[in-house]
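Protein sequence lines, in the order shown, are assigned to chains A and B.
For the first sequence, position 47 matches number 47 in the UniProt record's numbering, and the numbering has no gaps at all.
For the second sequence, position 327 matches number 327 in the UniProt record's numbering, and the numbering has no gaps at all.
Don't read these hints as lab results, they were simulated from the structure.
Since this is a predicted model, take the numbers as computed values, not measurements.
Take these hints with a grain of salt, some might be off.
[Said to hold, decoys possible] Calculated lysine to any residue pairs in the SDA-like style (CA-CA distance at most 25 Å, straight line): (1) B/Lys-210 with A/Lys-127; (2) B/Lys-127 with A/Lys-127; (3) A/Lys-143 with B/Pro-99; (4) A/Lys-94 with B/Arg-139; (5) A/Lys-94 with B/Glu-125; (6) A/Lys-94 with B/Lys-471; (7) A/Lys-94 with B/Lys-488; (8) A/Lys-100 with B/Asn-93; (9) A/Lys-127 with A/Glu-151; (10) B/Lys-471 with B/Leu-263; (11) B/Lys-488 with B/Arg-212.
[As the list claims (entries may be wrong)] If we take Cβ atoms under 8 Å as the criterion, some of the chain A residues that face chain B in the derived model are: (12) Lys-8; (13) Asp-9; (14) Phe-12; (15) Ala-87; (16) Ala-88; (17) Lys-94; (18) Glu-95; (19) Arg-96.
Positions of the beta carbon are idealized from the N, C-alpha and C atoms, including for glycine.
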Amino acid sequence: MTTKKRFKDLTFWERLYIPVIIKGLVLTLKTMFKPKVTMEYPEVKFEPPASYRGRPVLVQEKNGVERCVACGLCSRVCPALAIEVQAAETELEKERFPQKFEINMLRCIFCGFCEEVCPEEAIVMSKDYELVFQDRDSAIFGKDKLLVPVENLQDRIDFLRKFKK
Amino acid sequence: MPTITIDGKQVEFKPGQTVIQAAMDAGIDIPHFCYHPKLSISGNCRVCLVEIEKMPKLAISCATLASDGMVVHTKSDKTLDARNAVMEFILINHPLDCPICDEAGECKLQEYAFAHSRGESRFDEIKNRKEKRVQLGPRVKFDAERCISCSRCIRFSDEIAKSNQLTFKNRGDKVTITTFPGESFDNPYTLNTVDICPVGALTNNDFRFKSRVWEMSSTNSVCIGCSRGCNIEIWVRNNEILRLTPRYNEEVNSFWMCDNGRLNTFKFVNSETRIDSCYLRKEGELVKSNWVEALEVTAKSLKEFKSNEVAFIASPYSTLEDNFILQKFAKQINSNNIFYANHIIEGDQDEILIREDKTPNSLGLKLLGIKNDISKLIDLIQKKNVKALLIMEEDLAGLGSEWENLLSKLELTIVIATNQNKTTLLADIILPAATYAEKHGTFVNFQGRVQRIRPAVETEELDRSLDGMSKSRWDKFGTKFDRWMQGKKYDAKPSWKIFTLLDSYFSNKIKFKMAEEVFDEISKSNDVFKDLDYDVIGDLGSLIKKEVYQNV
Ligand code: SF4
Ligand code: SF4
Ligand code: SF4
Ligand code: SF4
Ligand code: FES
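Start from the sequences, fold in the hints, and give me the full structure.
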């Protein structure tokens, strides 16, 4: 059996270990006096910038109606087949509305394609990253969980208008 | 044959053909909205403009007769410029409705806008507004903004449906479609206009907003509404039929089908009244059972009768395969009593498609040699010569109260049925049958054309992948945990299969695994169907000549 040759043999000082340990401790000491970057989640929560892609949500207009016209494009473009839309007729001018709109959060990969394809700016990526479920069924979000008032989504919408062509 | 040169390719044409037809025959596609092979030429959309050498201006290819030596350019700069200009013009007042328009995904305007236009509009003014939800007739809704005034719908109503019900009104950009005063667009063929409308201006009330077209799978099949057997496609999402559309077959139905066939021949497949399991009558009540028990009880109770006390009801709604195996089974137990009921509504027929025989396979029954009309059975039951009846896919009690009384006289009534009806209420045993959309099989239409049906909807014993059924994208990637894959599947079997299972308690000689094998057996044993098999029949069917079956 041949012993494997080391890439580089340690020098005497290195073999002592003490200088290296001191070096590490100095770094620790220095860092103690720098401002903190960690957060004590979940007591303290991270507020992401507008460019963040949290879970997709549906925009709810001020009058309580969703913007979505159930065109099904988000559902078609979704690479993970997470979205199911069932359209129905409404007396409103938009003619169509989603009778059922479900996103399976176990399928969603947060790619944002749905937001990008939507012709009505009706589905946008929110800042919500807290997604915990205990069974498959509760991971499927219906309109009740998806609808978010437009005021709460304004900065994302502004961000999109600025950058989306 | 005279020849014409299109895009440098020499093609032959039949005298009298227009340039667009000659091009189509040669596999060259020229964009067109108003041209339709079965309608007169109106030449008003102008998108089919092509450059023809020695002609001073561009000409519309749909209305220009091809002549020998003509040289046509469909992709020259001049042609493309003109085409783009026409597209831009048509799109000036077209609303950007695609997200809410049912036609999206199968819209000619959408396709051409993608393939042949500049991709942007120079029109900054405000678009015309017109009425958006006009009910033209009981089944068709009209969106005036989307209409591109191609007049296909008008020409269809005049020339094919032979009922002059639609017309243009107003001029210029105010032009719109309307019915004549006091008229409703209600001829028996109105929904074909929804198919031929190149845009989404006409929508089908029944299908409106039910599904996007790319979410469904489509399966070639045959309409069961009457003995014409129009070729159709069955559109399915989440194992539910959402619409039927006609499929081109010049010999049978051309591009068309009737509204009744389109709307009223598929809803029973997913309806509440489907028989969801086997049922046995115990102490006067019908109770759920399973196949093993139900077949055992059926066999045992049948064996209690002498063979000529048992009669069978064949069905012109069932396939050749079903009826053939019924015949075979009857023979095994030595019964000659096979009857069937006609469903003819006299006078309900026209010169276009609709036939007065409202079943898809009555000629098929005759060719199999099932000829006895049920009127003869009445006597047999009354005289107690027939005591047990096995009814396949036929609502006998629904034929009238006399039949209800007759059935209650029987000692044993076994019913193979797809849906609940008056007969199943009187049954002692119910065995759930697969519908025409859940099995393979063949029908013979009134012309003698053998046509195939294919499964479009899964039953518990069918599997989209393993059984080679057509699939949508959802079907391809779905799992059992996805809600859009949890559509109802019934525990039903094709009638022929039920008979083969039943036979295992009798002769155990009728052994078939697939409908195709049954058909091969029919073809072997019956000269009328000689040389036919599923591949030969294919998508468009095979005609049996009258001379061949006349004497049968
Ligand atoms: S973010 Fe991506 S994966 Fe998630 S629903 Fe939208 S398109 Fe689908
Ligand atoms: S793309 Fe937009 S409008 Fe269309 S269904 Fe999705 S959310 Fe609704
Ligand atoms: S409704 Fe459709 S078929 Fe009729 S003229 Fe308008 S675009 Fe053509
Ligand atoms: S004419 Fe007969 S076969 Fe054709 S669609 Fe109508 S009912 Fe069906
Ligand atoms: S297709 Fe030729 S003018 Fe419309």
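Here is how each hint holds up against the structure:
1. B/Lys-210 with A/Lys-127: 33 Å, violated
2. B/Lys-127 with A/Lys-127: At roughly 38 Å apart (the allowed maximum being 25 Å), A/Lys-127 and B/Lys-127 break the hint.
3. A/Lys-143 with B/Pro-99: 19 Å, holds
4. A/Lys-94 with B/Arg-139: 21 Å, holds
5. A/Lys-94 with B/Glu-125: Holds, at about 22 Å.
6. A/Lys-94 with B/Lys-471: 31 Å, violated
7. A/Lys-94 with B/Lys-488: Violated, at roughly 32 Å.
8. A/Lys-100 with B/Asn-93: Outside the cut-off at roughly 32 Å; violated.
9. A/Lys-127 with A/Glu-151: Given pair A/Lys-127, A/Glu-151 holds - Cα atoms ~13 Å apart, limit 25 Å.
10. B/Lys-471 with B/Leu-263: Distance ~23 Å between B/Lys-471 and B/Leu-263 Cα, so the pair holds.
11. B/Lys-488 with B/Arg-212: Since the Cα atoms of B/Lys-488 and B/Arg-212 sit roughly 20 Å apart, the hinted pair holds (cutoff 25 Å).
12. Lys-8: For A/Lys-8, the interface hint is violated, since the closest Cβ of chain B sits about 52 Å away, which is over 8 Å.
13. Asp-9: 56 Å, violated
14. Phe-12: 63 Å, violated
15. Ala-87: 4 Å, holds
16. Ala-88: 6 Å, holds
17. Lys-94: Constraint on A/Lys-94 satisfied, holds at 7 Å.
18. Glu-95: 5 Å, holds
19. Arg-96: 5 Å, holds
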